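Student: Sequence:
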Amino acid sequence: MRVTLFDYGAGNLHSLIKALATTPGADVRVQEDPLRALDTDVLVLPGVGAFGSAAARLAPGREAMRKALDAGLPCLGICLGMQLLFEESDEGAGQGLGYFPGRVTRLAARHVPQIGWNDVEEDRALQSARLSTVYYAHSFVCRAVESREVVGWTTHEGDRFPASVRRGNVLGVQFHPEKSSHAGVRFVQAFLQEVSS
Numbered sequence: 001m002r003v004t005l006f007d008y009g010a011g012n013l014h015s016l017i018k019a020l021a022t023t024p025g026a027d028v029r030v031q032e033d034p035l036r037a038l039d040t041d042v043l044v045l046p047g048v049g050a051f052g053s054a055a056a057r058l059a060p061g062r063e064a065m066r067k068a069l070d071a072g073l074p075c076l077g078i079c080l081g082m083q084l085l086f087e088e089s090d091e092g093a094g095q096g097l098g099y100f101p102g103r104v105t106r107l108a109a110r111h112v113p114q115i116g117w118n119d120v121e122e123d124r125a126l127q128s129a130r131l132s133t134v135y136y137a138h139s140f141v142c143r144a145v146e147s148r149e150v151v152g153w154t155t156h157e158g159d160r161f162p163a164s165v166r167r168g169n170v171l172g173v174q175f176h177p178e179k180s181s182h183a184g185v186r187f188v189q190a191f192l193q194e195v196s197s
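Quick note, the sequence shown lines up with residues 1 to 197 if you use the numbering used here.
Everything labelled a hint here was simulated from the structure, so no lab data went into it. Keep in mind it's a predicted model, so treat the numbers as computed, not measured. The beta-carbon is built from N, C-alpha and C at its ideal position, and this holds for glycine as well. A hint or two may mislead.
Pairwise CB distance ranges (calculated) [claimed, not checked]:
no., residue 1, residue 2, range
1, 105, 27, 33 to 43 Å
2, 168, 2, 12 to 22 Å
3, 106, 197, 20 to 30 Å
4, 108, 21, 21 to 31 Å
5, 53, 24, 33 to 43 Å
6, 9, 145, 27 to 37 Å
7, 101, 194, 22 to 32 Å
8, 30, 135, 15 to 25 Å
9, 139, 119, 13 to 23 Å
10, 33, 157, 21 to 31 Å
Could you put together the complete structure from these sequences and hints?
Tutor: Now the structure itself:
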């Protein structure tokens, strides 16, 4: 199974590559070209960076990537990667993929960014890998228009926002599973196994 990380300058991808590679049969690759990144069995949008610069790197392949997701290409978006699955962001100019309707806004809390562990409420992202507590590092959150696509919630200082969204084989998570101990690695493995079966 070819698993490709689209690298839009997100920084250190080592821990995510390591987590993905623990899945039996996963051949993990990194690709900076958004069109070449689509030559894969599973696309991963990693999770560090700013929306504006990531959207600019995505722009040449945005339409093709959206069509690939609509056609059923499995995709895991993590933190900023989840935000890129939405339409646009208050953090910076540029368009996301618009796969999920909604906008990315600043976290409405006194302490921003949220860095550290927090609970996932009503987790329904993956039947085979339930999560309770996960690691976050973010200042912006997705405001989903379609509540039925929200498959997990988190609350930070009274601001309740989607921890995860899912439609078909496209899953976005605001948290960092690769930094969420063994449970997070099992979550990544479960997603790859589910979409490849």
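Student: If a hint holds in the structure, say so; if it does not, say that too.
Tutor: Each hint, compared with the structure:
Taken as a hint, the range 33 to 43 Å holds for the pair residue 105 and residue 27, whose Cβ atoms sit roughly 37 Å apart. Distance hint check: the CB atoms of residue 168 and residue 2 are about 19 Å apart, consistent with the given range 12 to 22 Å. In this structure, residue 106 and residue 197 break the distance hint of 20 to 30 Å, their C-beta atoms being roughly 38 Å apart. The hinted window of 21 to 31 Å between residue 108 and residue 21 is violated, with their beta carbons roughly 37 Å apart.
The supplied range of 33 to 43 Å is met by residue 53 and residue 24, whose beta-carbon atoms lie about 35 Å from each other. For the pair residue 9 and residue 145, the supplied restraint of 27 to 37 Å holds, since their beta-carbon distance comes to about 28 Å. Against the hinted window of 22 to 32 Å, the Cβ-Cβ separation of residue 101 and residue 194 comes to about 24 Å, which satisfies the hint. At roughly 22 Å, the beta-carbon separation of residue 30 and residue 135 lies within the given 15 to 25 Å, and the hint holds.
Between residue 139 and residue 119, the C-beta spacing of about 19 Å keeps the proposed range 13 to 23 Å intact. For residue 33 paired with residue 157, a C-beta distance near 39 Å fails the hint of 21 to 31 Å.
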